[in-house]
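Novice: Chain by chain, the residues run as shown.
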Amino acid sequence: MSVAGTHACLETVYRTEARRVLATLIRLLGGFDAAEEALHEAFAAAAEQWPRQGLPANPYSWLVSAGRFRTIDCWRREARLAGTLPELLALSEQIAEPITPEDIADDELRLIFVCCHAALAPDARIALTLREVGGLTTEEIARAYLTPAPTIAQRIVRAKAKIRDEAIPYEVPDRNQLPARLESALQVIYLIFNEGYAATQGPSLTRADLCAEAIRLGRLVVDLLDQPEAHGLLALMLLHEARRATRVDANGDLVLLEDQDRSLWDRGLIGEANGLIGRALASRQVGPYILQAAIASIHAEAARTADTDWTQIVALYDVLGRVAASPVVTLNRAAALGMRDGPQAGLTAIEDVMAQGSLDGYHLAHAARADMLRRLGLAEAARASYQRALDLTRQPAERRFLETRLDQLAEHRTLRD
Amino acid sequence: MRYACLIYYHPQTLFGGSPQANAALAECAGYDEVLKASGHFVAAEALVLPEEAMTLQVRDGKMSAVDGPFMETKEMLGGIIVIEARDLNEAVRVASGHPLATIGHIEVRPVVDFSQPRPVL
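The listed protein sequences derive, respectively, from chains B and R. This note's numbering puts the first residue of the first sequence at 1, with every later residue one more than the last. This note's numbering puts the first residue of the second sequence at 418, with every later residue one more than the last.
Derived from the structure by calculation, the hints contain no laboratory data. It is possible that part of the hints are untrue.
Some chain B residues judged to face chain R by a derived CB distance under 8 Å, without partners named [stated by the list, open to error]:
# : residue
1 : Thr-137
2 : Thr-138
3 : Leu-146
4 : Ala-149
5 : Asp-226
Cβ pair distances, simulated, as ranges [claimed, not checked]:
#  : chain 1 : residue 1 : chain 2 : residue 2 : range
6  : R       : Ser-532   : B       : Arg-219   : 54 to 64 Å
7  : B       : Glu-11    : R       : Leu-464   : 34 to 44 Å
8  : R       : Pro-534   : B       : Gly-377   : 44 to 54 Å
9  : R       : Ala-518   : B       : Glu-11    : 28 to 38 Å
10 : B       : Phe-69    : R       : Val-459   : 20 to 30 Å
11 : B       : Glu-166   : R       : Met-418   : 51 to 61 Å
12 : B       : Gly-357   : R       : Val-459   : 56 to 66 Å
13 : B       : Glu-11    : R       : Pro-534   : 25 to 35 Å
14 : R       : Val-528   : B       : Gly-361   : 39 to 49 Å
15 : R       : Pro-534   : B       : Glu-78    : 40 to 50 Å
16 : B       : Gly-5     : R       : Ser-513   : 27 to 37 Å
17 : B       : Ser-358   : R       : Val-528   : 33 to 43 Å
18 : R       : Lys-491   : B       : Ser-326   : 27 to 37 Å
Some chain B residues flagged as far from chain R (calculated, every beta-carbon gap over 12 Å) [unchecked claim]:
#  : residue
19 : Arg-20
20 : Leu-128
21 : Arg-131
22 : Asp-259
23 : Ala-282
24 : Asp-309
25 : Ala-379
Here the structure is a predicted model, which means the values were calculated and not measured. Where is the CB? At the ideal position from N, CA and C, for every residue including glycine.
Isolated chain B (complex conformation):
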């Protein structure tokens, strides 16, 4: 093998195998630091030996063995110096390497579940998952989150210290714990996706990378764990991704769902998402991600806005409200009701949920109310609500959208006068 060929080959193996090798080494060696060191050693050994000996038949096993061997060798040397050889020898003998694909998948799941553990701060879960499961560097995560690299590095260091100090177990949760632990893992993935999808500030390329990474993580969980909500989340992300190119125009301005060029939506992704939703619904275990995906799928299936099946969307929001009640779900249902039964019904429903008070600071609630008022021809009240929404958001594209609405209402008034 040529030097360049070996280098390219090592790069490929790093991308495909490093995460799985690390996941296994953490279990074998009992911690992140030892495992990362062993992973590094293993790839250093590969760089030295593969050009001479050729690529091993099973790079994963080769790297796990090399990392494990070198670490135990190092422990033996240290133990000899410290005079504690017998205990350490006993420890190293107990180490067994995974043999079946199921064992390897279990290691990968252990890594995901420990990185997304609820005992860690939400920011730390995201950084740790992106680095340890996603394979991003600290600097790449920092660029994507517009955060200084030392801030991200510190989150990761502290999270690992917490995992070690609190002895958070490195295991796949049992059946009783699985729903809650999976929810936490899916939430981390969805937060990563939303960070890439919702924000339009910052270098757009790295933001799109976050979406791609979240979808990759979503696919990984689906491959490893046959759980309906994991299918639901992946479908939901794919449906958003299918529309991404059309939701912002050439000026970076927001384009509403009703105004998007539906011919540009990615039919391949929509088809894949629908397949996942079908499988998830067939399980009869309906969770919030599947329901949100099903709603997004109805939008994706409508050839024109006017063809949207609002009756079914309202019905799905009803179920979602039962499974995962929240004021935001009620607000979204109210907006859908406004499409099904007209703006007066929508306005009444929106005002009902806003009267409960918790959405006072949520700009989209005021924008939704303004929209119903605008459609009812109540320009003054609509202006006041759009203005309130504008006061509540600092997101540049959303601000421009709300300002345009305010301008349109002002023009409308001028024409009428």
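With chain B held as given, fit chain R onto it using these hints.
Specialist: Coordinates of chain R only, in the frame set by chain B:
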């Protein structure tokens, strides 16, 4: 990426003769080899105490130089190690293995990539 690990310590602590400090100093001698074996090593130098140093400046084309700085009670820069690491967290992990991390402090600084724009302050 390359990172400079700047090692700071109190000379009184490091050379004060405590068993812990002496053990750390004894380990320092072989640490380059550890970094070479793991493939992280780029360059490393330990620095003598600052009394042996000169500090210079050039203003209006004229150079002036003074001896020192002189040892104060604060920590001083005592060594520089440049390592190659995948990212900042790996650099921090590698630096944390240095014997003097248990006595002083190590600042891990990315080495400037001149293809990137200069910082805007």
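Novice: Next, verify each hint and record whether it holds.
Specialist: Hints and how they fare:
| no. | hint | result |
| --- | --- | --- |
| 1 | Thr-137 | holds (3 Å) |
| 2 | Thr-138 | holds (4 Å) |
| 3 | Leu-146 | violated (15 Å) |
| 4 | Ala-149 | holds (5 Å) |
| 5 | Asp-226 | violated (33 Å) |
| 6 | R:Ser-532 to B:Arg-219: 54 to 64 Å | violated (34 Å) |
| 7 | B:Glu-11 to R:Leu-464: 34 to 44 Å | holds (37 Å) |
| 8 | R:Pro-534 to B:Gly-377: 44 to 54 Å | holds (52 Å) |
| 9 | R:Ala-518 to B:Glu-11: 28 to 38 Å | holds (32 Å) |
| 10 | B:Phe-69 to R:Val-459: 20 to 30 Å | holds (26 Å) |
| 11 | B:Glu-166 to R:Met-418: 51 to 61 Å | violated (31 Å) |
| 12 | B:Gly-357 to R:Val-459: 56 to 66 Å | holds (59 Å) |
| 13 | B:Glu-11 to R:Pro-534: 25 to 35 Å | holds (27 Å) |
| 14 | R:Val-528 to B:Gly-361: 39 to 49 Å | holds (45 Å) |
| 15 | R:Pro-534 to B:Glu-78: 40 to 50 Å | holds (45 Å) |
| 16 | B:Gly-5 to R:Ser-513: 27 to 37 Å | holds (35 Å) |
| 17 | B:Ser-358 to R:Val-528: 33 to 43 Å | violated (50 Å) |
| 18 | R:Lys-491 to B:Ser-326: 27 to 37 Å | violated (54 Å) |
| 19 | Arg-20 | holds (17 Å) |
| 20 | Leu-128 | violated (10 Å) |
| 21 | Arg-131 | violated (7 Å) |
| 22 | Asp-259 | holds (37 Å) |
| 23 | Ala-282 | holds (42 Å) |
| 24 | Asp-309 | holds (48 Å) |
| 25 | Ala-379 | holds (44 Å) |
Checked against the numbered hints above, the structure breaks hints 3, 5, 6, 11, 17, 18, 20, 21 and satisfies the rest.
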